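Chains A and E are the protein sequences, given in the same order.
Residue 251 in my numbering sits at position 251 of the first sequence; the count goes up by one each step and never skips.
Here my numbering = 1-based position in the second sequence + 1000.
The reader is advised that the hints may include incorrect statements.
[As the list claims (entries may be wrong)] Pairs of lysine-lysine residues, derived as DSS-like cross-links and limited to a Cα-Cα distance of at most 27 Å, are as follows: (1) K1158/E <-> K1054/E; (2) K90/A <-> K114/A; (3) K1109/E <-> K1054/E; (4) K114/A <-> K1128/E; (5) K1128/E <-> K1162/E; (6) K1054/E <-> K90/A; (7) K1162/E <-> K115/A; (8) K54/A <-> K114/A; (9) K90/A <-> K54/A.
Hints were generated in silico from the structure; no laboratory data involved.
As the structure is a prediction and not an experimental result, all values here were calculated from the model.
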Amino acid sequence: MIKYINTLSNNNAMSVSFFKNNKKGSESTNIIIMALFGVVIGVGVAYIFLEAGKAYATGEIFDRFYLARDMALLVDSVYAVPGNIMFTYKEDLGTNQFSIRDNFVTLNPTDENKKAAYNYVEDYQDLEVDFPPFQNIFILKQGQEIFFSDGQETFQNRLSCTPREMDINSIVVEISDELSVSMGSTQIVEEEYLIGVVDLLESALERKNPSFILPRYSASDKKYEEMRRDLENYDFGLSLHFGENEDFYENEIIAYINNDPDSRDFACHILSQLMNRGLDITSTRIKILDGSRLNEDNEKYVLSTRKNMIYFELGNIYSDRETNLFFRQSDVASAIADAVDHLRPRTSLEEENE
Amino acid sequence: MNNLFSNKKGNTAEDTMHVILLFFALSITALLFILLISAEASDKHVIPEGVEEKILIQRLLSSPSCFTYRDNVNRVYPGIIDLSRFNENVLQDCFNNLENAFAFGIDLKVDFGDRTERIQLNTTNWVKYEVSDYSPIINVLVKDSEQYEYRRGELQIKVQRKR
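Let's have the full structure, built from the sequences with the hints guiding it.
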C-alpha cells in the first residue's frame, strides 16, 4: 500500500514538473502559432493582391462592369423600340453569369468578388432572366413583351407576326383521317381530339360571325383531291395533325406554311393566341416548308394546294415531356377563332366603340 | 524581430498586440486595394452623359407601353401621343420603379386651335424644387381620341438624375 502511495506521489511530482515546463513552453508555442498565423495571413493577402492584379491586367474586372452597363443600356433601348425586334448579343460573356431582374443587370450575382451590377428601368413587365456562363443571348421584343433565350431557333419566324388586317370569312379544315375500326388506339385518341377541336372551332367562329363557312375534309386520298379543287373557293386552309417528328421528345406546336406572308401572319397570330392561353414560347414554331421536314405525301399535298394553307402539328402523342397534345381543345379552337377575329378589318363604328 | 520574438516575460502580450495590428493593417490594405481597383474599373466605362436619358425619353415616345398611339390592330405610331393614354397610370406602366435611377416631370401643351391645354405628369420620385439635369422640348402630334383628330403638341420632358 505504502509502495503504491509513493508511486502516486511520484506521478504527481512528475505531472507538476510537466506543467511547469509547459508554462515556459507556452510562450514559444504562442510565438509559433503567431508565426503560422502570420504566414497564413501573408499568403492570403499576397493571393488577393495577385488575383486583383491579374484581374486588372487581363481586363476581366473592366469587362464585368462594361458588360453590366452595356446590357442595362440594351434592355432600356429594347423597351424603347416601337415595333418588334430580335437582337443577338454578340459580346463574349466568358465565365460570367448573367442575371436580369428587379431593375438590375447583375453579373455573377452569387459571387461577391466578381459581382458587377447596373440598373435599367423596367416597364410593367417584370423581367426575370438568368443565364449560366458561356451562353449566347438572344433578345426578342414582340408587341409589349421582351423575351430572352439562349438559342435563336426559339424565335425564328416569330417576328413576322406583324399587325395587319385580313378578311377571313371561310376556312376549309382538313383532319388526318376518318375514324375507322382499323385504327390503333393512339390514332383514335388523336382523331377524336382533332374532331373535338374542329367542332369547338365551328361554334366559336359561328358566335363571332354567323355566316362563317367551315367545311371539313378527311385526309383520304379521294377527298384530298376533292379538297384541293375546293380549296380555291375558301379564304384559308387549315390542316390539323399530330407530330410526325422523328424525335419523340420534341413536343412543340408547329405551323408549317408555304412561304407567303398571309399564311405566316395568320399562323403567327394563332400561335400568339395560344401563348396568351399559356403555351410556352419555346414550344412554338413557324416553319417554311422546304421538302425536308414532313413525310413526303403530306408535304407534297400541302405544297400543292393553294398558298393560303397552314399545316398544324399539335404536339406528339409519344412525347414524355409535359405534353401539348392535351393542350385543351377549347383553347386551340378559341385561339384560331380569336386570330381570325383579331385580323378582321374594323369598321369605323367598331373602331369608335373599341 | 528580436523584440517581437523575445521570450522576455511581460513582452509577450505586447508583441501579440503588435502582430495582430500588423495583420489588421495588412488586411485593410488588401481590402482598400480591391476597392480602389473596383472603383477605377467602374469609372473606366462611363456611359456618356445624356444617353440614358435620351433612351428613356425615346421609350415615352415610341413604346407601346407608354403614351404612343396604337391603332385597332395594335400598330404603334412613334412620336404620336395618344391623349387618352396621357395619364399617371400609363406613366407608371411605362417606367416601373425608377426610384434609384431617374425622375421625370412631363409637361404637354396641346393646341386645340381656339385654346391651348396643358397637362403635367410626374413620376412618384420627382422632387418639385430640384433642378433638372436634362429637359428637352419635343414637338409631337397628339391624337385626340374624342374628336378623332390630330393636334399639334409640345412636350417638355424634365429629367432628374437620382444615381
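Cross-check of the supplied hints:
| no. | hint | result |
| --- | --- | --- |
| 1 | K1158/E <-> K1054/E | holds, 11 Å |
| 2 | K90/A <-> K114/A | holds, 21 Å |
| 3 | K1109/E <-> K1054/E | holds, 20 Å |
| 4 | K114/A <-> K1128/E | violated, 39 Å |
| 5 | K1128/E <-> K1162/E | holds, 14 Å |
| 6 | K1054/E <-> K90/A | holds, 24 Å |
| 7 | K1162/E <-> K115/A | holds, 22 Å |
| 8 | K54/A <-> K114/A | holds, 13 Å |
| 9 | K90/A <-> K54/A | holds, 25 Å |
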